[in-house]
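Build the full structure now, drawing on both the sequences and the hints.
Protein chains in written order, with this note's numbering: chain G, 1 to 263; chain L, 1001 to 1374.
Any given hint could turn out to be false.
Distance ranges between label pairs, derived from CB positions [unchecked claim]: (1) G:154 <-> L:1163: 47 to 55 Å; (2) L:1160 <-> G:154: 27 to 35 Å; (3) L:1015 <-> G:83: 22 to 30 Å; (4) G:249 <-> L:1163: 27 to 35 Å; (5) G:79 <-> L:1177: 39 to 47 Å; (6) G:249 <-> L:1085: 23 to 31 Å; (7) L:1050 <-> G:18: 49 to 57 Å; (8) G:112 <-> L:1088: 46 to 54 Å.
DSS-like, lysine-lysine: derived pairs with alpha carbons at most 25 Å apart [said to hold, decoys possible]: (9) G:170 <-> L:1103; (10) L:1025 <-> L:1108; (11) L:1098 <-> G:170; (12) L:1025 <-> L:1098; (13) L:1098 <-> L:1108.
Counterexamples of contact, computed for chain L against chain G with all Cβ distances above 12 Å [as the list claims (entries may be wrong)]: (14) 1044; (15) 1060; (16) 1144; (17) 1228.
Keep in mind the hints are simulated off the structure, nothing from the lab. Cβ coordinates follow ideal geometry from the N, Cα and C atoms, glycine included.
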Amino acid sequence: MPPSLRTTTISAALLVLLFYVGLILSLGYFFSPSGLTSLWESERIRFTVRISLAAATLATALALVIAVPAGYALSRYSFRWRITADTILELPIIVSPAALGAMLLIFFNNPLGQWIQEHFLYFVFSFAGVVLAQFTTVLGLATRFVKTALDEVPVEFERVALSLGADPAKVFFTVSLPLARRGLLTAFVLCWAKAVGEFGATFTVAGSMAMRTETLPIAIYLRLATAQIESAVSLILLLLTIGLGALFGVRLLGARLFYHAER
Amino acid sequence: MLNVENIVYRLPNFLLGPVSLEVPKGVCHVLLGPSGAGKSSLLEVIVGFRSPESGRVFVEDAEVSLEPVHRRRIGYLPQRPTLFPHLTVRRNVEYGLKDPHKKEPWLKELLEALQIDELLGRRPESLSGGEAQRVALARAVASEPLVLVLDEPFGALNESLRRELWSLVEQLCSGQQLPVLMVTHDLDEAFALGDRVSILIDGVIHQSGPRHEVFQRPSTWEVARFLGTRNLFRAAAAASWSGDGVVYVPDLATDLATGDTGAENLFRSSGADIWLGVSEDFIQLVPYVPSRVDSKNVLPGRVEAVVPRGSAWLVEFRPRNASSRLLVRLSPREFASLPSEPLAARLEPQHLFLIPGPRGTRPAGRGQPTKVAE
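Following this line, the structure appears as structure tokens:
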């Protein structure tokens, strides 16, 4: 008898789990506990962790500030260039992160980019560059996630709210956003995780200056490039712990918040 | 008061209107029509969700056609209760209040009248369908609209809940002196609630008037069919035509007096394509006495079949020499006291109506049987 759909699909899900867990377990071949403890003693690594978390949080927050209204417009309104705007959201997926970084570098070598750097903020090889690179990588994704979250909120709720006398802004903040909150939280978490792990664009725009623009993925790359495998493994485990821990933490927190909000 | 003037709304494959309506205070006006007739689209134009090609909407004599939805003060109740799931019942009801912190005595009375004062602390997902729709109704009224618009709000509820909510809508309409415009495709609901009824078919209002008039005397073939009138027969001017409304009905092989003094005009304006209709409820089956002098509108014949129809009986009666049958609805009591044959069907002239035929049909010639519209 052929295997049932349930058996087949669960097998596929477990295969995914096994694949990634296998990769993580294979790190054990080069893992050294002393390498992990020495990480914490290094001021440079502590800075790397701080800059990674700060840049990712800032980049994701900034991206969502734009993504929420943009996603709402793409979800609710029909306007000129809508389809083009909707399509370009996939740019960070189509174009490799390194290419995105290169595009940013080229922009800052144009007259407008140079003017911005001279009169506003210096991005190339700076912390602002790290944030900008991660922001560029996650903005499209964030907008896509927000749009999907809002697509799932039936328009009927907003229509009823309008008919009750609420103006569109009140409807947006008291009906649309609260009803899309699960999707918005997911958008934040996924974009944040993507930003923490971002390498190509950050490396191209901000470089790899220790105690300045060195994020965790860049630190891992630099260790590997200099054959410090044990140190690279420790950093990978650290990145995994931070990333997965944050994902689990926010999801648990979100579930608890929503549970209390809904009961 | 709600006034709708010559609304025209166009979709790629559908044209609504021009539609005009007037709903005074304290009147429940039911917009009745089959699915796809444009009822909900019309409501959405009135509420402001859709922009019409032309036409105007007035609320309390003020034009609101160009006002955004939230400034029109038209309460809207959609097909589903659409309670905000992230808010309690209390906060749902208070959503449209100008000042939610102000304790309004009328709000307390409203909540008691709609029997939701006990539900205020609950979440929408814990409510039954009837409770949810009562809360949605309270929420719509609590926002102090000048007009209430209901889009088939009770379609998903069972019969007893619907009847309960009908009486609540009636109370709101007459008690609060609200003009209520309600859309439905349910004939019972329209008859129960509609002080006035408009029939919308294919984007056009075919008939509008008090419910008894609309239900008893449909003005077009389409309305008659939609209202379930199955006794529809082609009619021709009788040989004894004298303008007193006597017509010859080929399918029933008889002349019938309709009492319709305007029949002559109807024949003239409709190119002689005229149909006669009579409701199943207004035909009497009586003992047939051949020698009886008063044989006008009395058709001897026989019962061919009897089928149950809900709590009543539907009798299929074929008049003598007729090619078609009359359908007669009898209550259980009427059915139990049905006299034995020979029987005759008696059709009172005031219950017979003459209407123009459907588009695309040919007039009937005298003596030529036509197809029964069953």
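Evaluation of the provided hints:
no., hint, verdict
1, G:154 <-> L:1163: 47 to 55 Å, "violated, 28 Å"
2, L:1160 <-> G:154: 27 to 35 Å, "holds, 28 Å"
3, L:1015 <-> G:83: 22 to 30 Å, "holds, 28 Å"
4, G:249 <-> L:1163: 27 to 35 Å, "violated, 53 Å"
5, G:79 <-> L:1177: 39 to 47 Å, "holds, 42 Å"
6, G:249 <-> L:1085: 23 to 31 Å, "holds, 26 Å"
7, L:1050 <-> G:18: 49 to 57 Å, "holds, 53 Å"
8, G:112 <-> L:1088: 46 to 54 Å, "holds, 52 Å"
9, G:170 <-> L:1103, "holds, 22 Å"
10, L:1025 <-> L:1108, "holds, 23 Å"
11, L:1098 <-> G:170, "holds, 13 Å"
12, L:1025 <-> L:1098, "holds, 23 Å"
13, L:1098 <-> L:1108, "holds, 15 Å"
14, 1044, "violated, 8 Å"
15, 1060, "holds, 15 Å"
16, 1144, "violated, 8 Å"
17, 1228, "holds, 31 Å"
Checked against the numbered hints given earlier, the structure breaks hints 1, 4, 14, 16 and satisfies all the rest.
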